Each structure stands twice: as structure tokens, then as C-alpha cells.
Amino acid sequence: MTKPITNQTLTLEEIDHIAELARLALSQEEKLLYRQQLSAILEYAAELQTLDIPEGLITSSSLNRSSILRKDESRPSLSQQELLKNAPLVENNQFRVPPILE
Amino acid sequence: MPSCASSNSKSDLLNLTLNQIVHSLRKRDFSCQELTLAYLNHIENLQPSLNSYITITPELALSQASIADQRLSDIQGHPDETLSLLCGVPIAIKDILCVANVRCTCGSRILENFKPSYDATAVRKLRDLGMVFLGKTNTDEFAMGSSTENSAFGVTHNPWNLERVPGGSSGGSAAAVAAHLAPVALGTDTGGSVRQPASFCGVTGIKPTYGRVSRFGLIAYGSSLDAVGVIGHNAADVALIYSSMAGYDPMDSTSIELPIPAIDLSDFPKETFKGLRIGVPKEYFIPGIQDEVETAVMESIHFMERSGAQTQSINLPHTKYAVPVYYLVAPSEASANLARYDGIRYGTRQPAESILEVFQKTRGELFGPEVKRRIMLGTYALSAGYYDAYYGQAQKVRALIQNDFREAFGSVDLIAAPVSPTTAFLIGEHTDDPLAMYLEDVFTLPANLSGIPSLAFPVGFDKLGLPIGMQLMAPHFQEALLLRVAHAYQQLTNWHTCMP
Chain V
1 MTKPITNQTL TLEEIDHIAE LARLALSQEE KLLYRQQLSA ILEYAAELQT LDIPEGLITS
61 SSLNRSSILR KDESRPSLSQ QELLKNAPLV ENNQFRVPPI LE
Chain P
1 MPSCASSNSK SDLLNLTLNQ IVHSLRKRDF SCQELTLAYL NHIENLQPSL NSYITITPEL
61 ALSQASIADQ RLSDIQGHPD ETLSLLCGVP IAIKDILCVA NVRCTCGSRI LENFKPSYDA
121 TAVRKLRDLG MVFLGKTNTD EFAMGSSTEN SAFGVTHNPW NLERVPGGSS GGSAAAVAAH
181 LAPVALGTDT GGSVRQPASF CGVTGIKPTY GRVSRFGLIA YGSSLDAVGV IGHNAADVAL
241 IYSSMAGYDP MDSTSIELPI PAIDLSDFPK ETFKGLRIGV PKEYFIPGIQ DEVETAVMES
301 IHFMERSGAQ TQSINLPHTK YAVPVYYLVA PSEASANLAR YDGIRYGTRQ PAESILEVFQ
361 KTRGELFGPE VKRRIMLGTY ALSAGYYDAY YGQAQKVRAL IQNDFREAFG SVDLIAAPVS
421 PTTAFLIGEH TDDPLAMYLE DVFTLPANLS GIPSLAFPVG FDKLGLPIGM QLMAPHFQEA
481 LLLRVAHAYQ QLTNWHTCMP
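Protein chains in written order, with this note's numbering: chain V, 1 to 102; chain P, 1 to 500.
There could be a bad hint or two in this list.
Unchecked claim - Using 25 Å as the maximum straight-line C-alpha spacing, the simulated DSS-like pairs for lysine-lysine come out as follows: (1) Lys31(V) with Lys282(P); (2) Lys372(P) with Lys115(P); (3) Lys125(P) with Lys31(V); (4) Lys361(P) with Lys85(V); (5) Lys320(P) with Lys115(P); (6) Lys85(V) with Lys115(P); (7) Lys115(P) with Lys125(P); (8) Lys320(P) with Lys396(P); (9) Lys282(P) with Lys396(P); (10) Lys320(P) with Lys282(P); (11) Lys361(P) with Lys372(P).
Derived by calculation from the structure, the hints in this document are not laboratory data. Everything numeric in this text was worked out from a predicted model, so none of it was measured.
Taking the hints into account, I'd like the entire structure generated from these sequences.
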């Protein structure tokens, strides 16, 4: 279901919700700024709602190609050592992260 | 006012075009190492005032140059031996394309210390031909921007006027070529990021058809829009690099399995223009466009007409929707693509107690304002309840924009238009108003949304002496036509030889 777009101005609660979904820690100042700027951009984009779209017209790419799958065959890839080279924290050849279970 | 050569007979090493360098290296007029050192010195001298590079790679460049010198001297006296024309030729690479073991920042603090283990396919092809990598050029963070002001490593200055932006996001590459800090450079174009900086800096740049050049190793922003492009001094130089990196790549599932036709750069420009049908879309000549931009572009179109082309007025009625469509589609794709930067597997991590806080602090503190703005916008456009109204609707209008081009190309071979409504704006002029900045992209976005190729090249100057660019757009896979026509234009004019 599509919610009707009645008021384009985002609330601070919505900004909090989007930031949470996007995993972004934002300052109060940033939230206020993005509320104002995103609302302006969305209001500008609202003119798209006024267009009549012919039935069945949609695209997600510019060349309308179907998905391509590669053969399910193993092939050479980068070594574990190479892949860990850029990790911020490594322990015993593994990525080290804070506890994920209490 | 700019100085423009009537011919290309310049003596300075650094003023040579790519094709002249190819010729001179064959004749051993100078060595690859001499040429590379000349560029590296010039970069060092101008880096404080232009800031066009994020990372300079002198050791890599000199070792590649030394190998190239060896290969070039090995073929002396062996005319049967084949060696790539590009062997020993220097190039700069936008810092969003992976070069193995050279840090790739994407203009972001979050990847400040990231060193990829592999080359992007486009980069690998040029490496295999023996090209010399001078360094990585400045870009708006993750290619999101039209000015390079969004780079975490400082703005790049326009070589024509240091108070002005070079355009973006490939502003470092365009400024580097314009200031002769590289004979040619790679860029990427998601919404105009090769063509607009090329226009602002008075150089030539191509955005190929979507899928023509592999995106493998191009760090993703808007995956249905991203394209690897080239910026150079003229169409012939751009053609040489483009044709060397185009082609199918199994590592990119959207890469196209079609042969790359040879590009015939005729020495008879009037033959090229004869009978060529050029469409002039009235939606690209609108109130608000700078007078001098409109005049210079129209004069060039009339020049092509006098040279044998036929022009006709066409309609691309959905052009004005390109800005809202792009600024919903691209941020939506970006919000998904940039989810991978979580501080776990690569990049910098901000310390925190819980894993959730690691994600939030790393992303909140290390992404810049524009990247966070687009992630927020895209997350909202894709969120439950709003997906159909925003992302879904934008994709439908995108199809209308594609239909506009399909219909237009039924009656014309090419479409001619300005690249940007204005010449280079002042640093800081639009930074407080993102929407005003987005509106700067109105003429470049439709080609990305439709996947068609487009080429930008200089056609004049405004009264402040700032370059004006024009773009030609062609049907899918018609890069050769774009390059042939721009080459013909450049044989009859000298805007592309003007230097800051």
C-alpha cells in the first residue's frame, strides 16, 4: 500500500527513523538541517506525482536487459591475507568486532 | 583572455597532446622517464594552488616509465614488432577507480587508508598496454557532487580562475588535463560528472553508453547510471583511450557483449558533416541559461550547419523531470551501495561499545554532509509506504525520458545542447542550497537516465574568459559517431587548443 502524500514536510521523528534505518549517528543540528533540506527536495520532486503514466511503463535500467547469472563454478579469488589487509581490526585471521550477543 | 594555438606545433613537452606524445615516443624524441618526470615536477609545482590530485604516485609512475622505455627501445630497428601505441604514455585516474595497491579514498575519510587489492578492469587494460599512472585525482565524495567541494581532501580550483570550481565530480581529472598535469585522465559520469567538469575546464570528455566500459572496480554510487569516461585535450585523444578500455567484461554483469567498432577519424571534416542530421532540443535552451552559453552553443550548431550538417528543432518534453527523477533514483541506489561502509571489513572504524554504535558512529562521523544527505534521501525514497510514490514513480518517469530520446533519434543522428546552463561558478556559491546545486545538472542527467553516450567539448568563452562547453548525444553504442563529429569540429576550429 502506498501512503497518500499529503504533507511533504518531514517531521523530526521521521528524520530520526530514516537515520536509524540508514545507520547514521546525526547531531541535533544535522537533523534540523536535513529536515529542512530533504523537505525542500521532496517538495520539488512532488511534481512527478502529477504526471500521467501509460499503463505498464517501468524501467529500472537504461538498457532493459534481463539479469545475467554466471556459471556456479569456483574460480581463483583473493587470498584471506589480501582481504584482511584493509580491515580496521584483525585477530586470528578474522575481523574483530564488538560483542554482537549479550 | 585565453591564448589559443592556430596549430599544435608546440615545443614544450607538457603541451603535447596524447597523439603527439605517442608519435614522439616512437621517434624517441624523449624518453618516457623524461616525460613522466616533467609531469611529476609540474604536478608538484601546481598542487598547492590547484589541488587536482589526492594521491600522487611517483614511484609507480617512474617504474612503469622505465619498463616502457625498455620496451620502446627493444622494438627500435624491429619494425615488425607490435607494441601498443599507449606504451609509456602518462595518465591520471579519478580516485574512485581501483588501482591495485594505491590507496583509493573516493574523496572520503571513510576510505582514507583503503588500498584495493586489484585494478578496475578499465585500469587493468590501460596498465597492460604499458600506460604510466601519475596518480589519483580529486573527486566529490563518492562522486556525489558537481563542484569537487564535497571532497574530504579539499576543493580543486579551476585552472582558468582559481576562485571558481572545476565542476564535478571528476573535477580533479578535468583540472589536471586543463592545467597540463596529465595529457589525459579517467573520470566517471553518473549524472554528468565527466561532461560538466570538462565543460567548466575547457577540455573534451566522453560518457560512453551504459555498459560499454566495465564498471568492475569503479566504486559504486548509482549502479544503473555509473559509467567510466575519459577527459582529454581533444576528441582524437579521448577516442584512443576510450577504445582501449571499452568492451565486454564477465566481471560486470551489465557490461555489453557487442564488438567495439573502429573509430574512423577522417581528415576530411566536411565529409563527416555532409548530410549529418543534428537535432536541437528546445527544452535545453530555457530561461535562466547564461546568454553567452546559449550564444556559443548556437553558433557552433550553425557552424556545423554551414559545414554541411542539417539541423532541425526537436522536442524532448520530459527533460524538466530529469532532476527530480535523478535525485530520487541515484540516492536510492547510493543508500544501498554505501551500506557496505560499516567499519568492519575495510575503511576506518570509529570505536564504540556495541556493534550498532560502531556502524552509526563510523558512518555518521566519517561520511561528509552531501553523502549523508543522499543516503537519507534514498533511504526515505525506498522505505516502506513511500517506495511506490517516490522510487517507483521516478522509475516510470525515467522511462518517459528514455522514450523522448527514442522518438527523437527516429529523425536525427545526433542531439546538440549545452552541457551546463552556466560557466564555472564561484567556490561556495551553492554550498548552502543543495537544490540549487542539483539544478546545475539539468542538461547532463537525461543521458545517464537513458544510458546513451554523450561527448562534451569546448565551443567558446564567456566575458570573464571562462570556457563554455557543448555536448553531443547519440543513440546507444554510437560513441564512434560522437568522436568522429567532435574530431571534425576540432579540425575546423581551435577552441580545444586554448590554454589557461
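**Q.** Unsatisfied constraints (hint numbers, rising)
**A.** 1, 3, 5
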